[in-house]
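Colleague: Residue numbers (the working numbering), protein chains in the order written: chain A, 463 to 963; chain B, 463 to 963; chain C, 463 to 963; chain D, 463 to 963.
Don't read these hints as lab results, they were simulated from the structure.
Among the hints, a few may not be true.
Since the list gives no way to pick out one identical chain from another, each pair is judged satisfied if it fits inside one copy or across any two copies.
[Stated by the list, open to error] Derived pair list, reagent style DSS-like, types lysine-lysine, alpha-carbon separation capped at 30 Å:
#1 LYS723 to LYS816
#2 LYS625 to LYS635
#3 LYS723 to LYS502
#4 LYS623 to LYS670
4 protein chains.
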Amino acid sequence: MNRESFAAGERLVSPAYVRQGCEARRSHEHLIRLLLEKGKCPENGWDESTLELFLHELAIMDSNNFLGNCGVGEREGRVASALVARRHYRFIHGIGRSGDISAVQPKAAGSSLLNKITNSLVLDIIKLAGVHTVTNCFVVPMATGMSLTLCFLTLRHKRPKAKYIIWPRIDQKSCFKSMITAGFEPVVIENVLEGDELRTDLKAVEAKVQELGPDYVLCIHSTTSCFAPRVPDRLEELAVICANYGIPHIVNNAYGVQSSKCMHLIQQGARVGRIDAFVQSLDKNFMVPVGGAIIAGFNDSFIQEISKMYPGRASASPSLDVLITLLSLGSNGYKKLLKERKEMFSYLSNQIKKLSEAYNERLLHTPHNPISLAVTLKTLDEHHDEAVTQLGSMLFTRQVSGARVVPLGSVQTVSGYTFRGFMSHTNNYPCAYLNAASAIGMKMQDVDLFIKRLDKCLKAVRKEQSKESDDNYDKTEDVDIEEMALKPDNVLLDTYQDASS
Amino acid sequence: MNRESFAAGERLVSPAYVRQGCEARRSHEHLIRLLLEKGKCPENGWDESTLELFLHELAIMDSNNFLGNCGVGEREGRVASALVARRHYRFIHGIGRSGDISAVQPKAAGSSLLNKITNSLVLDIIKLAGVHTVTNCFVVPMATGMSLTLCFLTLRHKRPKAKYIIWPRIDQKSCFKSMITAGFEPVVIENVLEGDELRTDLKAVEAKVQELGPDYVLCIHSTTSCFAPRVPDRLEELAVICANYGIPHIVNNAYGVQSSKCMHLIQQGARVGRIDAFVQSLDKNFMVPVGGAIIAGFNDSFIQEISKMYPGRASASPSLDVLITLLSLGSNGYKKLLKERKEMFSYLSNQIKKLSEAYNERLLHTPHNPISLAVTLKTLDEHHDEAVTQLGSMLFTRQVSGARVVPLGSVQTVSGYTFRGFMSHTNNYPCAYLNAASAIGMKMQDVDLFIKRLDKCLKAVRKEQSKESDDNYDKTEDVDIEEMALKPDNVLLDTYQDASS
Amino acid sequence: MNRESFAAGERLVSPAYVRQGCEARRSHEHLIRLLLEKGKCPENGWDESTLELFLHELAIMDSNNFLGNCGVGEREGRVASALVARRHYRFIHGIGRSGDISAVQPKAAGSSLLNKITNSLVLDIIKLAGVHTVTNCFVVPMATGMSLTLCFLTLRHKRPKAKYIIWPRIDQKSCFKSMITAGFEPVVIENVLEGDELRTDLKAVEAKVQELGPDYVLCIHSTTSCFAPRVPDRLEELAVICANYGIPHIVNNAYGVQSSKCMHLIQQGARVGRIDAFVQSLDKNFMVPVGGAIIAGFNDSFIQEISKMYPGRASASPSLDVLITLLSLGSNGYKKLLKERKEMFSYLSNQIKKLSEAYNERLLHTPHNPISLAVTLKTLDEHHDEAVTQLGSMLFTRQVSGARVVPLGSVQTVSGYTFRGFMSHTNNYPCAYLNAASAIGMKMQDVDLFIKRLDKCLKAVRKEQSKESDDNYDKTEDVDIEEMALKPDNVLLDTYQDASS
Amino acid sequence: MNRESFAAGERLVSPAYVRQGCEARRSHEHLIRLLLEKGKCPENGWDESTLELFLHELAIMDSNNFLGNCGVGEREGRVASALVARRHYRFIHGIGRSGDISAVQPKAAGSSLLNKITNSLVLDIIKLAGVHTVTNCFVVPMATGMSLTLCFLTLRHKRPKAKYIIWPRIDQKSCFKSMITAGFEPVVIENVLEGDELRTDLKAVEAKVQELGPDYVLCIHSTTSCFAPRVPDRLEELAVICANYGIPHIVNNAYGVQSSKCMHLIQQGARVGRIDAFVQSLDKNFMVPVGGAIIAGFNDSFIQEISKMYPGRASASPSLDVLITLLSLGSNGYKKLLKERKEMFSYLSNQIKKLSEAYNERLLHTPHNPISLAVTLKTLDEHHDEAVTQLGSMLFTRQVSGARVVPLGSVQTVSGYTFRGFMSHTNNYPCAYLNAASAIGMKMQDVDLFIKRLDKCLKAVRKEQSKESDDNYDKTEDVDIEEMALKPDNVLLDTYQDASS
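I would like the entire structure built from these sequences, with the hints used as guidance.
Modeller: Take a look at the structure:
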């Protein structure tokens, strides 16, 4: 509403009240202005009404929402379904242009602003989360794996001879495939066992660089966040090797933004050595739907090169999600989530420790892993071949999601490469184990339910091992409402094995 | 977004594009300004994005949406559920104040504007629909019956001696009860049969006025829209009687806004005689949810008196619905709906006429009823006592809604008054019949499906009458997907009888 | 999705996962079943997804949402605007029928269920809130005032001689007008001053009953929740008088559900004497938009009579709001809100007490009022005529809503009755004062902001009184963002006087 | 609601009405079952309520919506913002798994079903649109360019020697960059001029294959939809060359689904020769937001290979959009849109033809291009260097979007390759021209406004060329509301040049 509208309003109802309302409107506008001028995440989260006003204002700046627009092109932001238009707040043109995913669209000033502001906010949050010297980043509507691929494809043009990517082993398919998809040969560096932890074999890395010749190495591809007992790579040392040999360094920081330790490693790596880009998932760090990642780095022009490597426009949906989320939370809200995650990590550790001891098992000592924990399943493994997998299956049917059992001796072939001891990040870990993680947004209730259900499942598996009949075990158990899903688990074994990989 | 925000935006993306977006914003604002300045329904319906922008702008003028508000009263527009807040576009304070449902609320400038504008738009539409000299109206969040009660209660204060309301009979419970609830004694004037039509018995009305004495009559309570074969009351003549005897005249125009004939009657009545207020349903005339009515009239101060009679605040929900609807449709959209309704009326007449002749029945000749039609059910009635009711039940289970069968001889007692021939508006209509209406929003598909299903039902009832077995009839019928609900109907007989009354 | 759909789903993705999803669906269905079977508010609030599933399931049971429906009536639940349909979850038919607002609609089984369940839930909550022996209640889409009117209109039919309503004075327009609108003569009983409190004059009530004659008294109309220093009426004693003289008793419990004290009074009144109905606001007690009330009582058939007195259908909107709210909160959530309100009341008392003492004012001692507080404005009043009103105006422009200043000597005429000392519930309260209340949903932040702003305003008014220039006062004040609205307040004086009445 | 819930419902309201509602529910379920069983686009579009019921049912099958779920993994589908959850209908887990974008997710049976069904529906529509023998396809949440890159990356693994991609020139950056990004060297084949049309130089293609050696050619990358006067490539002949030389063939069918001619070319190419995959935009063909594409082909296993090449999960957002859209439209709705597009193409042709003749210009004769038209701007070009660009700028500021002026002699370097005559698909087209297209969803109003505004702009440019002062021109023009954006256009020249490229 403009000045004339307010004047007309004053004639309809009392001027004093309209003025009061008009005044109130200014506080919303004030917040919007601050955001546009500073490009920083507001400290306090915005009210839903400010947020929707802002999105509405941006949307009407896009040509598909012009009241008088006539479109005679092949891409005019027309929408067939009102449901679809509405769920996107009428942002239809996506982000970017043929030339560059960060570029401004003439037809869509609003979407372009949305894109710029989102990237700016995200940069602010990365700094806040610990990588203070990051200089540029952008949201890309692809998950972490494909985003890593894009980084590798960009490096290809700078390193024409390169054929190999050096990669300290981590048993997760996407990041492995990201190298294959980009057309490079992954050179797997096995981890070394230090206490219970699996850590980067720095000597092997350097030896491999020398063996292959630095020019033939596209980059070192390291990892922060990972399942225990693997721990984040020794980023500082890797960064120094990269600097020394002039090799790029791409860090897979998938769900590391939520951990100050992971972020600190990146910050330190960049300070003492070389990190070209680090890639993180939107959904895992910002509690938004799957499908976006942030590519960030310390060298403005390299990050721009990557963004120019993306051919064509792209979905604005992940950017919109993270924008809404950050504006709702504010930086204080996000910090609070980080703090709570850390507390939940301690709580989860303690509860698992207690439970494991009651079953003669042990929480692995992995102090370098700030997110994931592992507890041994030795007693299960000894008695019965399939007991470990069965436990996984039982947890799955009891609606425990994300718990991951790792049996010994699993072998898997991914894109032609064979991994022994797959899922455990090493050929031969000393024992089977179970993983659980404290990720952002976890609640105490998650931990409590998990511990309770794990307890029951362990008890049940034990009983079965002691040859007690299935009937008896059902009777002795105190069934509660959460357990209504309880039923023979064997049928799910195959399913589960597939599920947990 | 204000000037500074746009300036900041220009620094983030190209100034030319932002300016283009800013320009586009002005066309939305232009529409809003026109609305506020003129208070008229826009000719062309608004885009959803203009509409939502407008509602959003109004809502942030209410104190419950002030970012810095602190509330220390007993009614602060707090909302527990975000779903609820959102579905009301964050308008929480309702409309009106203790003193007057049309009054402005200091805490809620936005809701107050919404209320004023809605009333203004609705007034505009009533004029457009044919009552050109209407001077004031307001939306009240009560259905037609309770709104009539409010009118009667208002009149009570002006006519202390009055005990009776003269009411040409129409067999619909709400309008009858509206008089009982207000504490008056309805004086029922039986209709006279002219051809097939049931029409106002003017002589009886005037005789009754004289008999009771004008001062003891609160008002004449007449009706426009009604089920055939009753037709709208002779409003002109009634208005003249009212003028002559100094008796107020309240018109129940329930679903008459959609018919130019009904509106013309009101216009003429007011021109030649006296009409104090006419009341119409929101849902039946404007295709919004049940729950609101419009009280309108020709004397500004009397309408204000009624609005001041409503004690306290009221729901803004019906006002919001009709505002959204009228702004979406525009006056052109509403006119189009009126035109289509008229066309559907002709189409429905023709189709029913054809069908009825095939069954040796007859479309009653009721040219004065512009909305409702009646077709005889003589042949059914002759053979079998319950056949008429059974037909109604069969239509109901076949998802024909709104068709209404009227058997002979039904007797009903409402609030202590006994009506013979209830549903037929007269003690003894010559034959049983079926009603169907062409109301606003009806589609050709409604008519076609109705005719098809009626045909099948009539066929089925006939067969049963001819003692053909139920089995045979099922086999001969070509079942289609719409008919999947087909099943024994007798169980529903009682249900239906209840339903159709 | 039915059995066949799930089977088809199992063929598309893994059967084990579909079964897991199907299992999960059952927990939603379980909650819905419990609700329908027990008709009680669930202890724990429902998830938004269960809630929306439930509403969706109900909505498709209404004929306007039948895929194969054809409508040939005058009220078919057609909706012109998709926005409107959506905001009502496609419930279009409203609640009730011509005969009864609680009746079931043949065309709308879903809406009918919604209505029944809502009334059942609300009854459960009224019991939980303290009126354990309530037997029946219903939600009516009218605010408290009009709902009281409906009660009075119902009583009229049972007490043909009655002309008067005995009403211990409370200075709020709606409840006064509710009697006028119903056509009765309010007999005002002035309150008596006990300490700081204004309490019911029982002797005067009884004397008036005898004077007028019980048969000529429609009912006693008492009040619980009110602004201090008035306190809830002596309900027990009034109920005994009613029982003794055979006079109905209607209680205005506007925002009393939130206070265990008010509810206890009603419970006790009903136990020892007579209460026919008690009426409460939906918005003030359940944090939903303005526009609904609950009419409740201890005699099933009398409550049904009232519901049958409402002529015609009504809006389902208030019922839907309270249903969504209660299902979201659960009874635990509602109890938590009640508990927090009580705590805020103590906090507000303490903070006001402290502040008032700093200004040589005094928190009035009103222990019987559980919601509203009053603090004297003696020092203001002494110096300057308009200072009290100006304080109100200053608070208003500083976005303090709900604070209410009560100057001495205000006279107001409502519907022909003149009230001296209007707003203070008595002709001559000893001093001017300011009201603040702790209502459901109030946050500590509300209290803190209020105290801070009140402090500033009092300081400013004092300074002005001490003839210090306006300029000086602006300079000395530490302006913060909340204060940006600060500006000359005199222009608003008239406005405010209007606003606070 | 399950059986028990309905039974409980029958006790609350009449059994007959509940059964009627229950029956009605079955018709929704019937549609859902058909969809899941057949996997085909329904002929008639679904009602919004069926659609939302379906999405809701799917969503509650995902573990993040399980009421009893406890999550202890790193990716649990938690959502911080309710707005975000809602806009995705609570589908949070995205689609695909580490191994394959088409794979099923154990944690998300609902999202997995959504993904399968969407791909199945889209396949059905591709057949319906003309490529009857397509065997597999999948939606990928990347725009056309990146999707082409993914195809090329997949081919890399099958053709280790390949370095080149043969590409008949089309001046659009994304598709050119898609090859660069994949790490291949584009070999540009210049088009030949036939009449006004620019067509594939088949001889040059074949010669280039022979010159480079088939093994060194990754694939031929051809194009269907394009701006006139270029026309779709000679797909049949190219497909034969590919078959003969054993070279893969990837078709960029960006907005070709909407044209039966483009689809026919693909069908024919596959029949007589070799087409490995064809890629089309979601937004341009299905009126959804930018950000998705469909990769389709005739060899099931090759399409699967591509889907397995995508490393990791991906956004479900584009799939959800196209699913909603197709279910809303139904195949009949989509066919109607295709038919209207064709009609609009004729209408646009005729209108442009008329207008151009009035200005002594000519509609280029490009019968092979079914979507885009070009009209000469000879007269502009002769007089004044910048007149052509200025026309573009004027159209832009007048809210004509998508019109594209192509001046002579523009030179552009993309990723190191220099294109002469850029935008015109050839080094030296005979004249400057203007493009307009009839794309799906275009309305007659778009054409009429375009013609009107183009007329005004041409008139204005002419006048300027005739040295008439700017002032005069403003005065003589009849300004209407659409023209309010009218202002000096020169400032926008640079902007526009950027915009139109």
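Colleague: Does each hint fit the structure? Answer for all of them.
Modeller: Evaluated hints:
1. Taking CA atoms no more than 30 Å apart as the test, LYS723 paired with LYS816 passes inside one copy only; the shortest distance there is 25 Å, against 47 Å between copies.
2. With identical chains, the CA atoms of LYS625 and LYS635 are at most 30 Å apart both within one copy (20 Å) and between copies (27 Å).
3. In this assembly of identical chains, LYS723 and LYS502 lie within 30 Å of each other by CA distance solely inside one copy; the values are 23 Å within and 49 Å between copies.
4. In the homo-oligomer, the alpha carbons of LYS623 and LYS670 lie at most 30 Å apart both inside one protomer (16 Å) and across protomers (26 Å), since each shortest distance falls under that limit.
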